[in-house]
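> Chain by chain, the residues run as shown.
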Amino acid sequence: MKDKHITEILDKASIAALSESELSEVRAHVLECMSCREAYEAARLSAVAIKNRAQAVIEPSPFFQTRVMAALREQQAVESVPAMLRLWRSAKALVSTMAVTTATLAIVSFMQPSQTTPATDQTASAYSAYSVIMDQDADDQSYEQVLSTIYDDDDEAR
Amino acid sequence: MDLARQAQDGDESAFAEIVRRYSPRVFSVASRFFRQRSLVEEAAQEVFLKAYTQLGSFEGRGSLEGWLTRIATNTCLNIVRSAKRRPEYTVSDLTDDEQSWLEHHSAGDGGEPASVENSVVATDLADRLLSVLSPEDQQALLMIDGEQASVKEVAEATGWSESKVKVRAFRARKKVREAMEKLLSYKGKRAGSVAE
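Protein chains in written order, with this note's numbering: chain A, 507 to 664; chain B, 13 to 208.
So here's chain A without its partners, still in its complex pose (with noise of 0.2 Å):
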């Protein structure tokens, strides 16, 4: 038996846990093994090192129960708000930029002067009674806007 190593022995309990047939197993063995006899060493002090982290026991304080009760009445009051208005909580200051910048960009366009207006204007000259007259491959346009388009320019001179 002395050949055979104990440390299975070792880490299959705690060895305050070893049967006393066990103990003596260990004990006769480690007195020729050197390897077994550090080992040993390890567990006995590993073991009394558990023992004392499993007593550093908190224990609670007097104020403790309030603590609880009072995050408990915190939590239902948070889950007694209706869902929508929960996500508006929380999307609250999102939609105010999102406002605030959709006004900004309303008054500014509103305030400068559109860039658009020459544009139109050389549409206008496009459209000329001469041009619409002497144009033949304007067949894109209909009979009525070259009528209007006549008679506008018509209107004008007068």
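Among the hints, a few may not be true.
[Said to hold, decoys possible] Far from chain A, some chain B residues (derived; all Cβ distances over 12 Å):
(1) Asp14
(2) Gln18
(3) Ala63
(4) Ser69
(5) Glu71
(6) Glu77
(7) Gly78
(8) Asn86
(9) Asn90
(10) Arg93
(11) Leu114
(12) Ser118
(13) Arg140
(14) Thr170
(15) Gly171
(16) Ala191
[Claimed, not checked] Reference excerpt, derived from the structure (chain A facing chain B, CB under 7 Å, subset only):
(17) Ala548
(18) Ala555
(19) Val563
[As the list claims (entries may be wrong)] Restricting the straight-line Cα-Cα distance to at most 27 Å, the calculated cross-link-like pairs of lysine-lysine (DSS-like) are:
(20) Lys598/A <-> Lys164/B
(21) Lys194/B <-> Lys164/B
(22) Lys62/B <-> Lys518/A
(23) Lys187/B <-> Lys510/A
(24) Lys176/B <-> Lys186/B
No lab work stands behind these hints, which were simulated from the structure alone. Ideal Cβ placement from N, Cα and C applies to all residues, glycine included.
Could you slot chain B onto chain A? The hints should help.
Quick look at chain B alone, frame taken from chain A:
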């Protein structure tokens, strides 16, 4: 069961009584995971808030204490898992106090009543050893070797099978022993270099 039923029906004072009665148990579970009071209190509060929302699932088949212990264990495990991984200690981090504790106890005369200082050093040393384990393996070892809980009790508290508990405890014990062997060999080397 009466308290649980009253709390289920919305009786706040019944739930307050549950908190008062079982907070020592929940603190004891949380203390296995954390050493700082603030962390233990935070975890314990989370346990009770979770218990309140899950009261409907408590059918009264087991004890209320057992049910809360299970919630506490799983909640603390989740907190530890989601927290950043703690830096692992190395053997070269041994403090002078730990060094002398090891020397004192290696001599085999560790049978004297433990002083508070000695307990703190031993607890620090245990945390150093436990840091090589997963949180689950730590629990198995602390409960079985530290608190003398049975495999069945650990299985009930954690929801693991008994064979899983045995495997975890075996693996944890082996790793902790090997970590301690490293510390002891470092201690030997350090003592040797001081003597030179």
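> Now tell me if each hint is right for this structure.
Here's how the hints hold up against the structure:
Non-interface call for aspartate 14/B relative to chain A: holds, since the shortest CB-CB distance, roughly 19 Å, exceeds 12 Å. A cut-off of 12 Å between C-beta atoms confirms that glutamine 18/B is not in contact with chain A; the least separation is 15 Å. A beta-carbon of chain A is positioned within 12 Å of the beta-carbon of alanine 63/B; the least distance is around 10 Å. Non-interface call for serine 69/B relative to chain A: holds, since the shortest CB-CB distance, roughly 17 Å, exceeds 12 Å.
Distance check for glutamate 71/B against chain A: the nearest CB is about 22 Å away, which clears 12 Å, and the non-interface claim stands. In this structure glutamate 77/B is separated from chain A by more than 12 Å, as the shortest Cβ-Cβ distance comes to about 15 Å. In this structure glycine 78/B is separated from chain A by more than 12 Å, as the shortest Cβ-Cβ distance comes to about 18 Å. The claim that asparagine 86/B lies off the interface holds: its Cβ sits roughly 18 Å from the closest Cβ of chain A, which is beyond the 12 Å cut-off.
Residue placement check: asparagine 90/B keeps its beta carbon more than 12 Å from all beta carbons of chain A (closest about 18 Å). Here arginine 93/B stays apart from chain A, with its beta-carbon at least about 20 Å from theirs, past the 12 Å limit. The claim that leucine 114/B lies off the interface is violated: its Cβ sits roughly 7 Å from the closest Cβ of chain A, which falls inside the 12 Å cut-off. For serine 118/B, the condition that its CB be more than 12 Å from all CB atoms of chain A is violated, with the nearest at approximately 6 Å.
The beta carbon of arginine 140/B is not kept farther than 12 Å from every beta carbon of chain A, the shortest such distance being approximately 9 Å. Every beta carbon of chain A lies more than 12 Å from that of threonine 170/B, the smallest distance being close to 16 Å; the non-interface claim holds. With a least CB separation of 21 Å from chain A, glycine 171/B remains clear of the 12 Å interface cut-off, as annotated. Look at alanine 191/B: its CB is around 8 Å from the nearest CB on chain A, not clear of 12 Å, so calling it non-interface is violated.
A distance limit of 7 Å between C-beta atoms decides the matter here; for alanine 548/A the minimum to chain B is near 4 Å, and the interface restraint holds. The criterion of a C-beta within 7 Å of any C-beta in chain B is met by alanine 555/A, whose closest approach is roughly 4 Å, and the hint holds. Checking valine 563/A against chain B by beta carbon gives a least distance of about 5 Å; that is within 7 Å, so the hint holds. Distance restraint check for lysine 598/A and lysine 164/B: the Cα-Cα separation of roughly 53 Å exceeds the 27 Å cut-off, and the hinted pair is therefore not satisfied.
The straight-line distance between the Cα atoms of lysine 194/B and lysine 164/B is roughly 32 Å, outside the 27 Å bound, and the hint therefore fails. Note on lysine 62/B and lysine 518/A: the hinted pairing is violated, with a Cα-Cα distance of about 36 Å set against a maximum of 27 Å. Between lysine 187/B and lysine 510/A, the direct Cα distance comes to roughly 20 Å. Compliance with the 27 Å bound is thereby established for this hinted pair. For a cut-off of 27 Å, the pair hint linking lysine 176/B to lysine 186/B stands: about 15 Å separates their Cα positions.
Checked against the numbered hints listed earlier, the structure breaks hints 3, 11, 12, 13, 16, 20, 21 and 22; every other hint is satisfied.
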